[in-house]
Amino acid sequence: MTMNAALIRALLRLVGASLVSLVFVTVAVFFITAVLPGDVADALLGQAATPDAVSALRHSLNLDKPVLVRFVIWVTGLLHGDFGVSLVSHRPVLAMASERLIHSLLLAGVTALFAVPVALLLGTTAAIFRNTLFDRAVSLLTLCIVSVPEFLVATLAVFIFSVQLHLLPALASISDIHSIGSFLASFSMPVTTLACVIVGQMSRMTRAVMIDALGSSWVEMAVLKGASPAHIILRHVIPNVIAPLFNVIALSLSYLLGGVVIVESVFHYPGIASLMVDSVAARDIPLVQICALIFCAAYLFLTTLADIVALLSSQRRHAA
Amino acid sequence: MTVAPFARRWVSVIPRIPGSLILFWLLLALLGPVLAPFAPGEVVSRTVFAPISAHHLLGTDYLGRDVLSRLLCGTGSTVLLCAATTVLACTGGVFLGIIAALKQGLTDTLLSRFMDGVISIPSLLSALVAVAAFGSSVPVLVLAMSLIYMPGSYRTCRMLALSIVRRDFVLAAQMRGEKSGYIVLREVLPNMTGPVMADVGLRFIYAVRLLSNLSFLGVGLQPPLTDLGSLTRENLLGLVYGAPAVIAPALTIAVLTVGLNLALDSYKGKAG
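These protein sequences, in sequence, are chains A and B. Remember, our numbering sits 12 above the position in the first sequence when you count from 1. Remember, our numbering sits 1181 above the position in the second sequence when you count from 1.
These are computed hints drawn from the structure, not numbers from a lab. Fair warning: there could be bad hints in the mix.
[Claimed, not checked] Now the in silico label distances, taken between C-beta atoms and shown as ranges: (1) B:D1297 with A:M233: 27 to 35 Å; (2) A:M233 with B:G1375: 35 to 43 Å; (3) A:S240 with B:P1371: 52 to 60 Å; (4) B:S1201 with A:A239: 16 to 24 Å; (5) A:T144 with B:S1201: 29 to 37 Å; (6) B:Q1403 with A:H280: 20 to 28 Å; (7) B:L1238 with A:P63: 35 to 43 Å.
Ideal Cβ placement from N, Cα and C applies to all residues, glycine included.
Take these sequences, add in the hints, and give me the full structure.
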């Protein structure tokens, strides 16, 4: 009973800490983007920046009020679901961001569907055949992927797959089998690229988790008893790695966010990340703010989920 | 399965490399503009995306400029900017990390909370927000990236220092009434140089990745300045022709980051 109370307290502390982080992020995003108001009005008007026009725009954007007052206005708006309007298109940023968010979630979801099983399989096989040529090759390849910037993976993927596309009829036949060929055609490159980035990171972490499990005393005992490799993997290894593997998956999916920014821009995919990059280039501050908040909230959600899974798994191990 | 003797000999050579590798890139960055055969902005050929030739060793780019010259200058910006970022981030991180471990209490709590807050925002995102707010000039990029990577360095150094500040020689120095700066630099830091250097190398790789990504997105270094990311971006069309204009900068980034990471990997493997 006391154990359960302690567990609940620890869980609440985790959730509380992530809420504090969210508040920190909100405050930080506002003050970083709002401290220099003057040149936003100047930049927006460009050539038409007469003193009158600038002061009128500053007034309509509340830029003539003190920063703290603007912060209160902004936060009050957030709490009422009013995130402001785009400085460029004059549309509500919440509507702009949410229609793009669905596209991004679709891209991330489809990628996770492919990347997670591949990464788990690759990491596990590398751990089982540790120090073989196969393991070394996988290690080197994944190290290369995690070292280079994401856009390089995207560039290389374009080079390989768009050149080899007609060399690999298997790809074409897959899209023939599914009647949603056009869907796959527009999706395959972004998903493939993003999956490469995720598989690189995730299979390395999976390998570490599996090596840890394979070296444990109960596996050693099972080997000494003469159990078959399949029996050892199914009965002794897998039950003990489910929790840490969930942790690996949640952490990897939070890396997905960084990759999404690059991939959406490279392939002109209409998601929220490319919206954010465009709004940064145009210095459309309200749009930047909401995109940053959505990204940070998603990132915090995934990392907190990883922490909670790690906590629960350590509890289970103590209980056992 | 054992590694062939040849491969093993290579693996044993790698640990000595990280330092000299960084030295090599810094030298190349400083000498690059001097070695460049043409001015980087000058249009020198009427052929765009020209292949490798004796006159233009790496061909020409999308405007007919000499790729080798632009690559040498671009490598210079990437390496120097990221080196400056790393120096700033790690100086701050190392100093504050050791101070936090030394003082404990409120100083430690406040510093750690702040660093945790910064680290809870993905790095690419913080950089995008900073560029949106302050524009993408060189000082903004360097300062923003330094702030982004300081918490990681802080965390590592605080952990490393925590086990050192309890040792007798540090306590003795405190008893003697030495100043904090002296204790940080003379008593604590010399006892953790190995892991700190590995951490510095890692921050440098992260900085190269971030700056290249930003420039590739078009919100990093602005023309006429170029770096490896913007060189890849502006010549992306050459990918169709397999032009060296796009392959050369991409390959340079790969060699820079993968090489250093491999070197650090075996260095850490040896140290740990």
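(request) Just tell me: holds or violated, for the beta carbon distance of B:L1238 and A:P63 against 35 to 43 Å? (result) Once the Cβ atoms are compared, 54 Å apart, the range 35 to 43 Å for A:P63 and B:L1238 is violated.
(request) Mind checking the hinted window 20 to 28 Å against the Cβ distance between B:Q1403 and A:H280? (result) Roughly 21 Å apart at Cβ, these two residues keep to the hinted range, so it holds.
(request) Confirm or reject the claim that B:D1297 and A:M233 have a C-beta distance inside 27 to 35 Å. (result) Cβ of B:D1297 to Cβ of A:M233: about 41 Å, so the range 27 to 35 Å is violated.
(message) Quick check on a hinted range of 35 to 43 Å for A:M233 and B:G1375, using CB atoms only.
(response) holds, 37 Å
(request) For A:S240 and B:P1371, compare the CB-CB distance with the range 52 to 60 Å and indicate the outcome. (result) holds, 54 Å
(message) Between the beta carbons of A:T144 and B:S1201, is the distance compatible with 29 to 37 Å?
(response) Given a distance of about 31 Å, which is inside 29 to 37 Å, the answer is holds.
(message) Is 16 to 24 Å respected by the C-beta to C-beta distance linking B:S1201 and A:A239?
(response) violated, 49 Å
Going down the numbered hints, you'll see the structure goes against 1, 4, 7, while the others check out.
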